[in-house]
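Sequence order for the protein chains is A and B.
1 is the number of the first residue of the first sequence in my numbering; add one for each residue after it.
1 is the number of the first residue of the second sequence in my numbering; add one for each residue after it.
For the record, the hints were derived by calculation from the structure and aren't laboratory data.
Incorrect hints may have been included.
[Unchecked claim] Listed below are the simulated DSSO-like cross-link pairs for lysine-lysine, each with C-alpha atoms no more than 30 Å apart in a straight line: (1) A/302 with B/157; (2) B/7 with A/229; (3) B/39 with A/301; (4) A/302 with B/7; (5) B/82 with A/301; (6) B/159 with A/301; (7) A/227 with B/157; (8) B/82 with A/199; (9) B/82 with B/71; (10) B/82 with B/39.
This one's a predicted model, so the numbers in the text were calculated from it and none came from an experiment.
This is what each chain is made of:
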Amino acid sequence: MEYESSQTIYYDFNKEAFLIADKTKKVRDEKKINDTSVFREFVSKFTANKGALIGFFAIILICIFALFAPFLTPYQYDQIQAANQNLSPRIPGVESLGIFNGKIMGISQYEKTNLKNTYYFFGTDTLGRDLFARTAMGTRISLFVAAVAVMIDMFIGVTFGLVSGFFGGVMDLFMQRIIEILSGIPSIVVVTLLMIVFKPGLVTIILALVFTNWIGMSKLVRALVLKQKEQEYILAAKTLGASDFSLIFKEILPNIFGSVIVMTMMSIPGAIFMESFLSFLGLGIPEPMASLGTLVSTGYKKMMIYPYMIAIPVTVFVILMLSFNLVADGLRDALDPKMKNV
Amino acid sequence: MIRYVVKRTIISVVTLLTIIFILFLILQFMPGSPFNDEKLSVEQIRILNEKYGLDKPVYIRFVDYVVNICKGDFGDSYVIQKNMSISQMLLSRFPVTIQIGLQAILIGIFFGLFLGILAAVWHDTFLDPLTSLLSMLGASIPSYVFGLGLMYLFGYKWKLFPILYSSTEQFSSGILPSIALSMLPIANIARFSRSEMVEVLQADFIILAQAKGLSKHKVILKHALRNALIPIITIIAPMIVGLMLGSTVIESIYSIPGIGNLFVTAIQVNDYNVVISIAFIYSFIYIGAMLIVDILYGVIDPRIRVAGGTN
Numbered sequence: 001m002e003y004e005s006s007q008t009i010y011y012d013f014n015k016e017a018f019l020i021a022d023k024t025k026k027v028r029d030e031k032k033i034n035d036t037s038v039f040r041e042f043v044s045k046f047t048a049n050k051g052a053l054i055g056f057f058a059i060i061l062i063c064i065f066a067l068f069a070p071f072l073t074p075y076q077y078d079q080i081q082a083a084n085q086n087l088s089p090r091i092p093g094v095e096s097l098g099i100f101n102g103k104i105m106g107i108s109q110y111e112k113t114n115l116k117n118t119y120y121f122f123g124t125d126t127l128g129r130d131l132f133a134r135t136a137m138g139t140r141i142s143l144f145v146a147a148v149a150v151m152i153d154m155f156i157g158v159t160f161g162l163v164s165g166f167f168g169g170v171m172d173l174f175m176q177r178i179i180e181i182l183s184g185i186p187s188i189v190v191v192t193l194l195m196i197v198f199k200p201g202l203v204t205i206i207l208a209l210v211f212t213n214w215i216g217m218s219k220l221v222r223a224l225v226l227k228q229k230e231q232e233y234i235l236a237a238k239t240l241g242a243s244d245f246s247l248i249f250k251e252i253l254p255n256i257f258g259s260v261i262v263m264t265m266m267s268i269p270g271a272i273f274m275e276s277f278l279s280f281l282g283l284g285i286p287e288p289m290a291s292l293g294t295l296v297s298t299g300y301k302k303m304m305i306y307p308y309m310i311a312i313p314v315t316v317f318v319i320l321m322l323s324f325n326l327v328a329d330g331l332r333d334a335l336d337p338k339m340k341n342v
Numbered sequence: 001m002i003r004y005v006v007k008r009t010i011i012s013v014v015t016l017l018t019i020i021f022i023l024f025l026i027l028q029f030m031p032g033s034p035f036n037d038e039k040l041s042v043e044q045i046r047i048l049n050e051k052y053g054l055d056k057p058v059y060i061r062f063v064d065y066v067v068n069i070c071k072g073d074f075g076d077s078y079v080i081q082k083n084m085s086i087s088q089m090l091l092s093r094f095p096v097t098i099q100i101g102l103q104a105i106l107i108g109i110f111f112g113l114f115l116g117i118l119a120a121v122w123h124d125t126f127l128d129p130l131t132s133l134l135s136m137l138g139a140s141i142p143s144y145v146f147g148l149g150l151m152y153l154f155g156y157k158w159k160l161f162p163i164l165y166s167s168t169e170q171f172s173s174g175i176l177p178s179i180a181l182s183m184l185p186i187a188n189i190a191r192f193s194r195s196e197m198v199e200v201l202q203a204d205f206i207i208l209a210q211a212k213g214l215s216k217h218k219v220i221l222k223h224a225l226r227n228a229l230i231p232i233i234t235i236i237a238p239m240i241v242g243l244m245l246g247s248t249v250i251e252s253i254y255s256i257p258g259i260g261n262l263f264v265t266a267i268q269v270n271d272y273n274v275v276i277s278i279a280f281i282y283s284f285i286y287i288g289a290m291l292i293v294d295i296l297y298g299v300i301d302p303r304i305r306v307a308g309g310t311n
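Make the full structure from the sequences, and use the hints.
Have a look at this one:
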């Protein structure tokens, strides 16, 4: 306004209101800025989320169990002992508390068969195999299958999405039509057909999981790349003469990596879930190997008489799923809060 | 709008044809032939092949296959019920599957929305973390675990409901499987509607409605919920896949004579013809649902059809 600009404003400073800075003292503002590295910020955000933290430790515990539990029991996961079948869980020390005492409806299964000094921590199955070792083995395989499938997924999805999003044009159009058609096939159909054509086994299951999961990843990566391509730093890099190679790997990839990690974490529970469904349909890991899904599906046939056979693998399974979901949510909130409802 | 609808329809048809082609290939390259009786002479096999058109070139057989599928003829079952027409098997099993599926969806929508609204409206109280925990549990526990748990508690321990499905007590024995199947929809809808509701509740028109002095439930149900409901349409198609997956297992646990149960049996006894027919039906339902959802969404939200619907 004219009125204001025509006036000249003088500010009066009161000298006493200011102090000369003491240069020997550290200035806190600078320190603060230096301290918040990206990683630390992520850690502090992640640890502030109690659910995610609990999930994280639960996953570590389950991993430790899966890795080291077979050493705690003298039995092998595939060792059949017909005499010791259908024994319920019995753990030394805990048995005096009234749980895990090897009794079904008050009758000790161990005394019946003269096994007073034998302890099966999680009981045995209908073939007399130690369920403790089998649960550990099953957890191992379930985790392995999910981890490998998700890794391959990430690789294929990121490559596909990057190429499609970055280069655009006819290639993008073509790739997007492929995606559109593939995503129209329900996952249950893809998976069962694959399992029918190939023999059920570890590799087939991983393949089936990869087939159903990579599409989501590539869609996400493409959308992210398209968004990043519009940013000014890409324009700057291009102006400076950066090659496509360095644009992709040095500029875009580091910027979308957080979201990719979150997406990967989020698809782990899905993969475990799918694997268990396949096992339940009889398309899972063949015997004598076990996964959590096969343990549940064999346990359920005897559920009414021996509930422990299903209760234990289900408990491990549910804790695993819940923890992965919690950690994925925590990661999302810490790394990429915008990515909701994916 | 017409262009958009045509485009989506073409994509759906192409997808369906691709699926039929893959299914056809699998049938072609499966080991064994329909006539592997040792008593048949070479001449007899030739005559049989001629009778069923199996001596024609592959592309003609493919066209025949597509035409037959369009007519609703999926061929015969080889193992489960020998020489029984698959379409008849499917037709007699459809009503149960649809009944259970619909019940599950209704339960899912009702409780899912209820939980979602609860969490969104009181999102600074304990209700919000509680419902998000519940929905996370629902998403983490497979439906068969719910199914087995419900069966064990309500069927076996407390004897409130029949343990297995029976066609004489269709309603009461269908309750447990429907509840077990509805857990995933509940979790999904609750999660989704919560975040939508939270967003909508901060919109200006809600503040206006409150400022006008409308009662709280009127603001929530009439103004907020209606707008929050629109994006929920997008999760319907993925939910249907989840239900298919769930129904296969739930139906075999409760021995419900539905499509899912037939699918599992067919997989286990290697009745390829049945497996492939059901795979086609599942794909058809899924693609149909996606098409309807896309078109509906295009009608409701014009931005989608302008952008080409790739989002």
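Going through the hints against the structure:
no.: 1; hint: A/302 with B/157; verdict: holds (15 Å)
no.: 2; hint: B/7 with A/229; verdict: holds (27 Å)
no.: 3; hint: B/39 with A/301; verdict: violated (40 Å)
no.: 4; hint: A/302 with B/7; verdict: violated (52 Å)
no.: 5; hint: B/82 with A/301; verdict: holds (28 Å)
no.: 6; hint: B/159 with A/301; verdict: holds (19 Å)
no.: 7; hint: A/227 with B/157; verdict: violated (56 Å)
no.: 8; hint: B/82 with A/199; verdict: holds (25 Å)
no.: 9; hint: B/82 with B/71; verdict: holds (21 Å)
no.: 10; hint: B/82 with B/39; verdict: holds (18 Å)
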